[in-house]
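**Q** In case you want the letters, here they are:
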Amino acid sequence: MRIFYLLKKELIEIFRQKELLPLLFIAPLIQIIILGYVVKTDVEHVPVEIINLSKNKHSVKIINRIQQTPLFEVKHISYQNKDVVETLKKGKVKAVVLFRDSLSNVDKKTQRESPLKYPAARGTYMRRLCWNTLQPSVPMETMKIPIQLNYPEIQILMDGIDSNTSSIAAGYFNGIIKKYILSDINRLGFRLPVENKTLIRFNPRLKSINYMGPGIVALLLTILTLFFTSISIVREKEQQTMDTLLISRLTPVEIYIGKALPMAIIGMIHMFVGIAVVVLWFGIPIRGNLFYLLISAVVFLAAILSYALMISTIAATQQQALFFAWFSMITFILLSGLFTPTQNVPTVFQPLVKINPLAYLIKIIREVFLKGNGIEYFYKDLLALIVIAAVIISLSLLNFKRFISK
Amino acid sequence: MRRIKAVIVKEFAHILRDPTSLTIIFLMPLVMMFIFGYSINYDLEKIETGIIDFSGGEISHRLIKKFSNNRYFVIENLREKYPDPLSAAEKLLKSGRLKEVIIIPAEFSKKIKNRDRTEVGIIIDGSDSNVANLIYQYNELVLLDFISDFQNLDQILKVKTKILFNPEVKSSFFFIPGLIAILLVMISAILTSISITREKEFGSIDLIFISPLKSWEIIIGKTVPYISVALAVGALILLFARFWFGVPFRGNLLVLLIFSLLYIISGLSMGILISTIAPSQKTAMFAALLSTLLPSIMLSGFIFPLDSLAPVLQWLSHLVPATYFLKIIRGVAVKGAELKHFLIEGIALAIFSFVLLFIASIKFNKNRKRGK
Chain P
4 MRIFYLLKKE
14 LIEIFRQKEL
24 LPLLFIAPLI
34 QIIILGYVVK
44 TDVEHVPVEI
54 INLSKNKHSV
64 KIINRIQQTP
74 LFEVKHISYQ
84 NKDVVETLKK
94 GKVKAVVLFR
104 DSLSNVDKKT
114 QRESPLKYPA
124 ARGTYMRRLC
134 WNTLQPSVPM
144 ETMKIPIQLN
154 YPEIQILMDG
164 IDSNTSSIAA
174 GYFNGIIKKY
184 ILSDINRLGF
194 RLPVENKTLI
204 RFNPRLKSIN
214 YMGPGIVALL
224 LTILTLFFTS
234 ISIVREKEQQ
244 TMDTLLISRL
254 TPVEIYIGKA
264 LPMAIIGMIH
274 MFVGIAVVVL
284 WFGIPIRGNL
294 FYLLISAVVF
304 LAAILSYALM
314 ISTIAATQQQ
324 ALFFAWFSMI
334 TFILLSGLFT
344 PTQNVPTVFQ
354 PLVKINPLAY
364 LIKIIREVFL
374 KGNGIEYFYK
384 DLLALIVIAA
394 VIISLSLLNF
404 KRFISK
Chain W
478 MRRIKAVIVK
488 EFAHILRDPT
498 SLTIIFLMPL
508 VMMFIFGYSI
518 NYDLEKIETG
528 IIDFSGGEIS
538 HRLIKKFSNN
548 RYFVIENLRE
558 KYPDPLSAAE
568 KLLKSGRLKE
578 VIIIPAEFSK
588 KIKNRDRTEV
598 GIIIDGSDSN
608 VANLIYQYNE
618 LVLLDFISDF
628 QNLDQILKVK
638 TKILFNPEVK
648 SSFFFIPGLI
658 AILLVMISAI
668 LTSISITREK
678 EFGSIDLIFI
688 SPLKSWEIII
698 GKTVPYISVA
708 LAVGALILLF
718 ARFWFGVPFR
728 GNLLVLLIFS
738 LLYIISGLSM
748 GILISTIAPS
758 QKTAMFAALL
768 STLLPSIMLS
778 GFIFPLDSLA
788 PVLQWLSHLV
798 PATYFLKIIR
808 GVAVKGAELK
818 HFLIEGIALA
828 IFSFVLLFIA
838 SIKFNKNRKR
848 GK
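Top line first, the protein sequences correspond to chains P and W.
Read left to right, the first sequence gives residues 4 to 409 (our numbering).
Read left to right, the second sequence gives residues 478 to 849 (our numbering).
Rather than coming from a laboratory, the hints here were simulated on the basis of the structure.
What you are looking at is a predicted structure, and each value in this text was computed from that prediction instead of being measured.
Take the hints with a grain of salt, since some may be wrong.
Covered stretches of chain W, going by a simulated chain P footprint (3 or more residues, C-beta under 8 Å) [said to hold, decoys possible]:
#	segment
1	488–500
2	697–705
3	759–765
Every residue gets a Cβ at the ideal spot worked out from N, C-alpha and C, and that includes glycine.
Whenever a hint applies, use it, and build me the whole structure from the sequences.
**A** Okay, structure coming up:
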């Protein structure tokens, strides 16, 4: 019963700060909606410039196709050679596509006039993609396509700074060009012996929001609870009101729970709102069982709240607490697999991934949302999350008791 | 001048007196850099692939060999391992142990031998759209290579791809220079806003307000220490980027320094503005986070490319100073861009900084007169 008074005090303290309320309730809503639009890794509308030195009708047709896809935005088409490196340095376009007639048809002079005035690359992209040990294969029965088919020679020059965009966009270009040429050969009666029939599961339209969206909810939970809880005790320490609490008849565990519970309630509200936004606004279906999702979220909240309280007991000033919280938040988020796959994390940091509660939550959220997997696919992750939560809670409680007895 | 110096000394004393915070200020950027440099990469290193070969025969083995010879594919032959390979494949895909399953239909080898057409079925786990995209492209390359054994396709497709500035397509070239932009805004905006609101909470701000110091002297005195901390952190990361991660520095250091200063000023002004409004450290921290740091991370092209954003958000991104600074720092460091290449961005950044500084000073002065 006594704990309710503490709970009431904490809630009053939160609601009394008028400036804080919009930050606590409206900002997260706006944030999740904006984040939903921002956090996408789709490569679309890549700005390109086209240099067409070819007199070939095929190059015009390929350019048409490049103009038509939403993947690219053709900013400029020029018919004269120019310094490509200079164009890319300006950064208005991320790729330059250069069409030339096949070298056999062009005199040697133009051949030497390469637009690429950049020191030779150490290893080109294609070589990186290509297999290392390729045995020279003896052609079996060749089904030759006549070489005199006169397709333009195409050079794709990408700005490599954004490695992700450039490798994916390069693939798009190759795909468009190949598709065009293959269909043209097809028209003449030549066909490929093997067709690639690809089926994409779980996220057939390859929308990155389906992958990122549910994760944002977890992100939001982490940010909010970590910040607000991490200063809850240290503030009372700084303002010397902690002693009042200590001489009251509340037991340490009650104080601890009273401190954690308000944010837990707010966190749960955020989670429900977050899930609602993700499902209703962004139309991401929940394929799995929402129940397991909620259990995991509650366990996660318990873990992160007690972690924040631990920060709060250790820190000497609010500023320190906020820094600690900020620092842990960044580490939690970056090593959670939300933005980039955790298997790319080097072995040195792998233990950090293993003890990161957010990593498990995000994994479970994705399994439930995207793949619709049942508990048999992620019971290990849920168990790990529970163990981590238990360890953090007991450490934090121990710490708190020690702090109080001082 | 002497008075400004006094404020600077006092502010430095504040920073140095709290070694814990100072350590965090310097340690955090380093840790973030290592995490970003090593862990945050999109590079696809391994594609766990399951193969179900219903055909057998020399030609289908040749196809499997093409995949297993490629250093990206880790091949697992499901037909040898499981009695029911198709449902095993389904399970492995769902659990995420396999990223794709390649199904070679029966009579694949025979059909190709008879110059018949056939196909290869591929199922890709599409959860992470970018990974799926890359896997699809790699498959295409391997298949194309396989086909060129029978058909002179490579002589028809004359497409060459060259990636400039970053030939090995390393993510660190993208993230580490970008990280400087994020850390600079973090240090300048968050630290300043907290340091001023703390004085407000403790009431010591009144002592400064009633002193003979002019408002601009207070502002300069309060910000110079944070400018130097920010520059020190920026230099530290630049050094690590160059000598540890091998990110090239091709441009002019002085140009970068000038624009970094402008950028830091924009962050500091935001920090001062926030501190004039926020009553407590908590609110200041949160407001600084929401109004400077998050936009700088999310709406600047730091992680997510701006080109694929919705038009409204693209427009919003022009209001974030980090958008301009990121273009400048990536251009200068990695591409060796000169001032003429980013003239518009440079001017925009300068305008931003001075307008923000102007508004912040006015607001600060007003608050001082009202005594809060």
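**Q** If a hint holds in the structure, say so; if it doesn't, say that too.
**A** Status of each hint after checking the structure:
1. Counting residues of the segment 488–500 of chain W whose beta-carbon sits less than 8 Å from any beta-carbon of chain P gives 3, enough to reach three: the coverage restraint holds.
2. For the segment 697–705 of chain W, the proposed coverage by chain P is not satisfied: 0 residues have a C-beta within less than 8 Å of a C-beta in that chain, short of the threshold of three.
3. Figure legend: the segment 759–765 of chain W, annotated as covered by chain P; annotation consistent (5 residues with Cβ-Cβ distances under 8 Å, at least 3 required).
The structure fails hint 2 only (numbered hints given earlier).
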